[in-house]
Amino acid sequence: MMLGRVQVPPTVKRGEPFEVRVLVQHPMETGFRRDLDGQAIPINIVDTLSARLDGREIFSAEFGSGMSANPYVVFYATARASGEIVVEWSDDRGEKGRVATVVTVA
Amino acid sequence: MLYLTPLLAWAQSPQPAKGGVQFQSADVRAMQADEFGNPGMLWVERGATLWKAPRGAAKASCESCHADGAQSMKGVAVRYPAYDANLGRVVDLEQRINACVTGKQRDAALAYESQELLALTAYVARQSRGMPVAARVDGPASATYERGRTLYFERQGQLNLACTHCHDANWGRTLLAEKVSQGQPVDWPAYRLEWQSLASIARRLRACYFGVRAEQPAFGSDDLLALQLYLAKRAQGLVSSAPGVRR
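Sequence order for the protein chains is A and B.
When the letters of the first sequence are read in order and numbered with the numbering used here, they come out as residues 1 to 106.
When the letters of the second sequence are read in order and numbered with the numbering used here, they come out as residues 1 to 247.
Any given hint could be a false lead.
[To be verified] Listed next, the in silico DSBU-like pairs over lysine-lysine satisfying Cα-Cα at most 35 Å (straight line): (1) B:Lys233 to B:Lys18; (2) B:Lys179 to B:Lys18; (3) A:Lys96 to B:Lys233; (4) B:Lys52 to B:Lys233; (5) B:Lys59 to A:Lys96; (6) B:Lys52 to B:Lys74; (7) A:Lys96 to B:Lys52; (8) B:Lys104 to B:Lys52.
Since the hints were made in silico from the structure, they are not lab data.
One chain only, chain A, in its complex shape (with noise of 0.2 Å):
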């Protein structure tokens, strides 16, 4: 299971965008590099990140290789009740992670 973290405020309006973020560890290693012997370092990054509102998407992302390590990601949503939000993401080996926080609607 990878490291994630997420945020939202700690409360929102209905029906207002509010801002999430997310910050996942991964060394999003671009298969373009080389190591100290010249050995080619295989791809390894995260290609698919999405974020559920109860069982809702509400963004999704597929990833390249020009992403950084540790990647950070900020979106805008909207809330009608209360819920928790679910972001799960996926590297190329099957690594997944998943991290959730909850909403609370004011």
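Since chain A is already given, all that's left is putting chain B on it; use the hints.
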């Protein structure tokens, strides 16, 4: 010695002392200050998990002896490098952690710059956030300190530069695309954007050796340790905000 005397005369410690983050761009400063967005916090989080995890033949965790790290490790990191009476020598924080890993937990030592050692170091260093650097160089640490001071003023590498030529005489000026810092070792371990990873101060010092095209001392070598202690004494009073972020 004849040519050294005038050098020492003008090479005074920088006034006012400024931590490395103050030489970074606004973006990098904001990233360091951002509790969530600071990538170093990923290592702190992993360190908090490792703190509680039993390890080695003794099946002991850090917690078994030191209880809650958020309390017991307060102000510890800013005292390192420090003379350790049990080990009988000056050690940095990484070596002190490894002394626990091999001695108390009875496991193989963690490799320098390994994810686990970085995570534990970052976790311990995080507990000293907001506290001033307070390394002691008296008594049994004085020989190491003196060695560090000698190294700091010693020219080396193909560029024939000493630390002092950049970090005392030319700090704040532009070197290629960067501002030359004062070489203050606060906020480490730090996330270096260039390396896309958290890194120890030892790795950063080795990068300086590379920069002046000198032979890099090995991780854990006496030279690096002595230099770390001298720099810590030089940075006395500067406030730590580990884990830092650097370009």
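Hints, verified against the model:
Between the alpha carbons of B:Lys233 and B:Lys18 the distance comes to roughly 14 Å, so the proposed pair stays at or under 35 Å and holds. Annotation: proposed proximity of B:Lys179 to B:Lys18 holds, straight-line Cα distance about 13 Å (limit 35 Å). Among the hinted pairs, A:Lys96 with B:Lys233 is inconsistent with the structure: their alpha-carbon atoms are about 45 Å apart, more than 35 Å. For the hint pairing B:Lys52 with B:Lys233, the CA-to-CA distance comes to about 32 Å; that is within 35 Å, so the pair holds.
Restraint check: the Cα-Cα separation between B:Lys59 and A:Lys96 comes to about 29 Å, which is no more than 35 Å; the hinted pair holds. Restraint check: the Cα-Cα separation between B:Lys52 and B:Lys74 comes to about 17 Å, which is no more than 35 Å; the hinted pair holds. Annotation: proposed proximity of A:Lys96 to B:Lys52 holds, straight-line Cα distance about 23 Å (limit 35 Å). At roughly 14 Å between alpha-carbon atoms, B:Lys104 and B:Lys52 fall within 35 Å of each other, so this suggested pair holds.
In this structure, only the earlier hint numbered 3 is contradicted, and the remaining ones agree with it.
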